[in-house]
Amino acid sequence: MPESTSAAATGATIELENLTKRYPGNPQPAVDGVSMEIGAGETVVFVGPSGCGKSTTLKMINRLIEPTGGRIRIGGEDVTDIDPVRLRRKVGYAIQSSGLFPHMTVAQNIGLVPKMVGWPKPRIRSRVEEMLDLVGLDPGEFRDRYPRQLSGGQQQRVGVARALAADPPVLLMDEPFGAVDPITRDHLQDELIRLQHELHKTIVFVTHDFDEAIKLGDRIAVLRERSHIAQFDTPEAILTNPADDFVSGFVGAGAALKRLNLTRVGDVEITDWPTVTVDDPLQHIIDRLRAAGGNEILLLDRRGRPYKWLRRGDLMRAKGSLARAGTLVHDTVTRDGTLRDALEAVLTDNAGRVAVTGRHGRYEGVVDMETLMNSVHELLEADRLDALEHRHDLEEARADRTQSEQEGSGGFGEEGTKA
Amino acid sequence: MNFWEFLSSRHQQLLTDAYQHASAVFQCMVVATALGVLIGVVTYRSEWAGNLATVTTSTILTIPSLAMIGLLIPIVGLGVPPTVTALTLYGLLPVVRNAIVGLRGVDPALVDAAKGIGMSRPARLLRVELPLAWPPILTGIRVSTQMLMGIAAIAAYASGPGLGNEIFRGIASLGSKNALNQVLAGTLGIIVLALLFDAAYVLLGRLTIPRGIRA
Chain A
1 MPESTSAAAT GATIELENLT KRYPGNPQPA VDGVSMEIGA GETVVFVGPS GCGKSTTLKM
61 INRLIEPTGG RIRIGGEDVT DIDPVRLRRK VGYAIQSSGL FPHMTVAQNI GLVPKMVGWP
121 KPRIRSRVEE MLDLVGLDPG EFRDRYPRQL SGGQQQRVGV ARALAADPPV LLMDEPFGAV
181 DPITRDHLQD ELIRLQHELH KTIVFVTHDF DEAIKLGDRI AVLRERSHIA QFDTPEAILT
241 NPADDFVSGF VGAGAALKRL NLTRVGDVEI TDWPTVTVDD PLQHIIDRLR AAGGNEILLL
301 DRRGRPYKWL RRGDLMRAKG SLARAGTLVH DTVTRDGTLR DALEAVLTDN AGRVAVTGRH
361 GRYEGVVDME TLMNSVHELL EADRLDALEH RHDLEEARAD RTQSEQEGSG GFGEEGTKA
Chain B
1 MNFWEFLSSR HQQLLTDAYQ HASAVFQCMV VATALGVLIG VVTYRSEWAG NLATVTTSTI
61 LTIPSLAMIG LLIPIVGLGV PPTVTALTLY GLLPVVRNAI VGLRGVDPAL VDAAKGIGMS
121 RPARLLRVEL PLAWPPILTG IRVSTQMLMG IAAIAAYASG PGLGNEIFRG IASLGSKNAL
181 NQVLAGTLGI IVLALLFDAA YVLLGRLTIP RGIRA
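Going down the list, the protein sequences come from chains A and B. So in our numbering, the last spot in the first sequence is 419, and the numbers never skip. So in our numbering, the last spot in the second sequence is 215, and the numbers never skip.
What the hints contain is simulated information worked out from the structure, not anything from laboratory work. Predicted model only: the values in this text are computed from it and were never measured. In this text, a Cβ means the ideal position worked out from N, Cα and C, and glycines have one as well. Possibly wrong hints are sitting among the right ones.
Pairwise CB distance ranges, derived in the manner of DEER restraints [to be verified]:
| id | chain 1 | residue 1 | chain 2 | residue 2 | range |
| --- | --- | --- | --- | --- | --- |
| 1 | A | P120 | B | P122 | 14 to 24 Å |
| 2 | A | D81 | B | V202 | 42 to 52 Å |
| 3 | A | E17 | B | P108 | 22 to 32 Å |
Chain B on its own, in the form it takes in the complex:
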């Protein structure tokens, strides 16, 4: 059975896996973005708090994903919970770092001007600082998503959802006639999903970055 025959015979299963993969990454990204921006907003104005947030999140990233999921299994069990936890934690770093860099990069003269014309602290944050920091934050989200696409494959190790299942099944039955096809289908599926997400982010950028600051 060649690769194309494999695809057509298993497309139902592959589509389900791909959908679950994308959905897991998407939902974790939403949570990671909300958390990451929140952490950025809370910490960016203090030198040490900002650095602490960046260092903590990058430390998390250095933990091998397989080890992380393995460590999470005794705590949260098998299946979806360790997947979501791990993905969200990994997704935090680029968002937190870019949020802090972006918010700190807003021209102090503009913040001064905003204060000077009588904007309250929340108004300043929502109407001036976050919109101006949005392009770097969006870049962080993009980088995070690419990364999570790959990491999500490992989730299958903890019986999580997604295309990782194809890859793991293939690796487990190496030597059998469909093993290579399975690994290939899983890997290519992830690449295609990553490209689709990236295209979606380009579109999102077009829609959400104001024309006045678009590069």
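Here chain A stands alone, though its shape is the one from the complex:
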């Protein structure tokens, strides 16, 4: 049945209740009683060592692997026993190395699910164009190509487009970027984040790469063998307060550095810096620098973009022309860049600061080493306080419980002694 609404379906909740998979002849279950609630529009990443059952757990959500026990609910509906074909049409599925059918063109691959659910041809055609646009491929150029005529990254994009074509509320991704080179993977991750900002699907993403998990996940489930949940929390919480040795082992070294990936330049204090433009006369520049009292001034080009750093000495030696004076600005960051990007830029700059730019590369301010240090300290301190509070809450709840249990059992004990 063709859907009458053209508005994109946003995410649905997923509830897993005691989901278990046993294989015959194996006394240990492959997945042992996973319970989890995933909110609508949330991106949850399953991360864990290979063979921990994360992929099996994912495949049980669309029942590519039939669970031997437990329930699955999507959007409140119990889908554990419905026709799996009907279930899978509501759940997008993207896999490693794209899984595109080599004998079909890009358009046929993307249009497959809409065609199966009976959309009329013109609607399928426009949907294919829309999806190609969405994943950043030009429809005119790519529609009629075969998968083998695409690069790995392009294939992966088409794979995601196919998974989203019938507008499912839920998207399952099984190590989708595992087989592409690191640079392309980085692009694809950025792309997925952008997509998710537009679409608000519920995404369950499986990876063994913890950095990928931090980058993409609203929440991360760190899984150990048999899919036991070691910790299920926000990336910040897992980085600053790993639940146990297994999780901290998986987080790996440099948790503080990884924390930098989670904060944007826009979230920290950006300082003002004296600026002049290339059209200003030299005398004016010297006056500005003297008035600012610093040792350095930032020269902007005619469109307001950072162009050169000018020092006092440069100006003295300039002799009327700025053409050769100063050092070119070779690296800038945007407000959306991560603190890690900023730190990278600051460390490579010999004076320890980097210009922040906004739309069209226009100058907005400067971040220096000191600001970064202070912000990172504040962040880590705040995280630590959060974690402490969280732990305190947990302990309090536990204390309440044990107290009531003790009171209960104490009562019985007294009766026992009386008798």
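Here the structure of chain A is known, so what remains is to put chain B in place on it, guided by the hints.
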């Protein structure tokens, strides 16, 4: 009478025989393909059923064709029925084996992907597995056809149709002046037919194998 004079004087008969030969092979191939692919589809997913199908069909192939036709005569009689039965049975093996190999050779990740995006079992088979297994199946059909071209000549032994009649007649009257010409005409006719069929298969491959998986 030299060979060319023989051909021009007997071309009517030769053309009829050639036509009947080609038509018998073609029709048996259609039946063998349909049956063979069906057997492949039914058996490829089970280890033992697939092996059973392959072993059975290759056992059939080891029976000498003359013996097979001889054995069939008491059961189905003379003429067309034993020819068609024998040819179809012989034609099965390469098709069945290549269908099973082809279907088993489809990347499991693709089958998984097809399942994962919600294709039903028949849709998976028709839209993904068979198209991907088609090139090896077509090769099987080609091999079968070549083989049947030769085997069909034996059909004349059971008074069947085809160019085999020329060959058998020639052999029966060895020593007479046209004997060699007859055998030669029959044999060359079969070779020419086999080459024509092969060309047709190349064309068929061009038309039916999707551009995305063409080698």
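Outcome of the hint check:
1. A/P120 with B/P122: 14 to 24 Å: holds (22 Å)
2. A/D81 with B/V202: 42 to 52 Å: holds (51 Å)
3. A/E17 with B/P108: 22 to 32 Å: Given range 22 to 32 Å: holds, Cβ gap about 30 Å.
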